[in-house]
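Position one of the sequence shown corresponds to residue 1 (UniProt numbering), numbered consecutively onward.
Treat the hints loosely; a few may be bogus.
[As the list claims (entries may be wrong)] Across the chosen pairs, the derived CB separations fall in these ranges:
id, residue 1, residue 2, range
1, K41, P79, 19 to 25 Å
2, N68, Q290, 28 to 34 Å
3, T99, E15, 46 to 52 Å
4, D64, T107, 41 to 47 Å
5, M1, E168, 18 to 24 Å
[Claimed, not checked] Restricting the straight-line Cα-Cα distance to at most 25 Å, the calculated cross-link-like pairs of lysine to any residue (SDA-like) are:
id, residue 1, residue 2
6, K26, P40
7, K172, G270
8, K172, K41
9, K284, L240
10, K41, F66
11, K155, L240
12, K80, R110
13, K70, C92
14, K236, N104
15, K236, C162
16, K26, V44
These are computed hints drawn from the structure, not numbers from a lab.
For every residue, glycine included, the Cβ atom is placed at its ideal position computed from N, Cα and C.
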Amino acid sequence: MAKSMTSFGRAQSEEGREHLFSIEMKSVNNRYLDVNIRMPKFMVALEDEVRKIINNYLNRGKVDVFINFKGYSKSNALPKVNMDLARGYYECLKEISETLGVVNDITATRLSRFPDVLTLEAEEENLEEILMEIKPLVISSLEMMNDMRVSEGEKLKEDILCKLSYIETNVKEIEEIAENVPANYKRKLEERIKELTSGIKLDEERIATEVAIFADKAAVDEEITRLNSHINQMRKTLELNEPIGRKLDFIVQEMNRETNTIGSKANDMGMTNIVINIKNLLEKIREQVQNIE
Numbered sequence: 001m002a003k004s005m006t007s008f009g010r011a012q013s014e015e016g017r018e019h020l021f022s023i024e025m026k027s028v029n030n031r032y033l034d035v036n037i038r039m040p041k042f043m044v045a046l047e048d049e050v051r052k053i054i055n056n057y058l059n060r061g062k063v064d065v066f067i068n069f070k071g072y073s074k075s076n077a078l079p080k081v082n083m084d085l086a087r088g089y090y091e092c093l094k095e096i097s098e099t100l101g102v103v104n105d106i107t108a109t110r111l112s113r114f115p116d117v118l119t120l121e122a123e124e125e126n127l128e129e130i131l132m133e134i135k136p137l138v139i140s141s142l143e144m145m146n147d148m149r150v151s152e153g154e155k156l157k158e159d160i161l162c163k164l165s166y167i168e169t170n171v172k173e174i175e176e177i178a179e180n181v182p183a184n185y186k187r188k189l190e191e192r193i194k195e196l197t198s199g200i201k202l203d204e205e206r207i208a209t210e211v212a213i214f215a216d217k218a219a220v221d222e223e224i225t226r227l228n229s230h231i232n233q234m235r236k237t238l239e240l241n242e243p244i245g246r247k248l249d250f251i252v253q254e255m256n257r258e259t260n261t262i263g264s265k266a267n268d269m270g271m272t273n274i275v276i277n278i279k280n281l282l283e284k285i286r287e288q289v290q291n292i293e
């Protein structure tokens, strides 16, 4: 199955839970699975557990995970004062007032508005309980990502199959041209010899030998056979229910190799133009394959 590595997932706690979390995940293409998790400090010990869950769902991609702690539900919110911090703010404001000669109108209410002076905290965090709360959120985010990966992957698959059909048509055109290449070469060779020898009788045996040597060097039937085989292999690979990105990448490389060989043997402008078209199509397929898991 073709799955895109570009995806996004999101989930958040339902109101009324003891802890309120929101989780966002986004992924882009990458050669391997690279997971970067950002979470509150008090949850760092759970990072490995979260990573294990992600590893069970994804195989490739650069994945950024953002776990945000939105706070506690009202029934469990406990206000807490950081008195040392409040005292520090107070001393700083007092110094400003005395140094600049401005009115010192510091109040407890104003002090409480400074960052982290007054916070809502639980007396003690139970990491096992937190893991039980965030685990379904992580899974929900991953399932959303997976749905997007499958949807985008199907679009990539359809486009690749369309381009493969064009390539297949081009290969048939090359095959038709290749069948006539020796005859065309013989005709041009005879015309050239006649021009140079001014009507002297041609050595048909020598010409036949030259044509046979040329035909052997210009033969592309083996490359065409392998190219058609790679086209069929890519179609079959696109139907597999497993990660296929690396397999597709390898097949594209092999198709490029066979196409380059045909191009190097081409002694016909029409064939050369078709080879250029195939290479352009393969480059577009390669770009899309880079985004398939």
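Hints, one by one, checked against the model:
no., hint, result
1, K41 <-> P79: 19 to 25 Å, "20 Å, holds"
2, N68 <-> Q290: 28 to 34 Å, "31 Å, holds"
3, T99 <-> E15: 46 to 52 Å, "48 Å, holds"
4, D64 <-> T107: 41 to 47 Å, "42 Å, holds"
5, M1 <-> E168: 18 to 24 Å, "22 Å, holds"
6, K26 <-> P40, "18 Å, holds"
7, K172 <-> G270, "13 Å, holds"
8, K172 <-> K41, "62 Å, violated"
9, K284 <-> L240, "21 Å, holds"
10, K41 <-> F66, "13 Å, holds"
11, K155 <-> L240, "16 Å, holds"
12, K80 <-> R110, "16 Å, holds"
13, K70 <-> C92, "30 Å, violated"
14, K236 <-> N104, "78 Å, violated"
15, K236 <-> C162, "14 Å, holds"
16, K26 <-> V44, "20 Å, holds"
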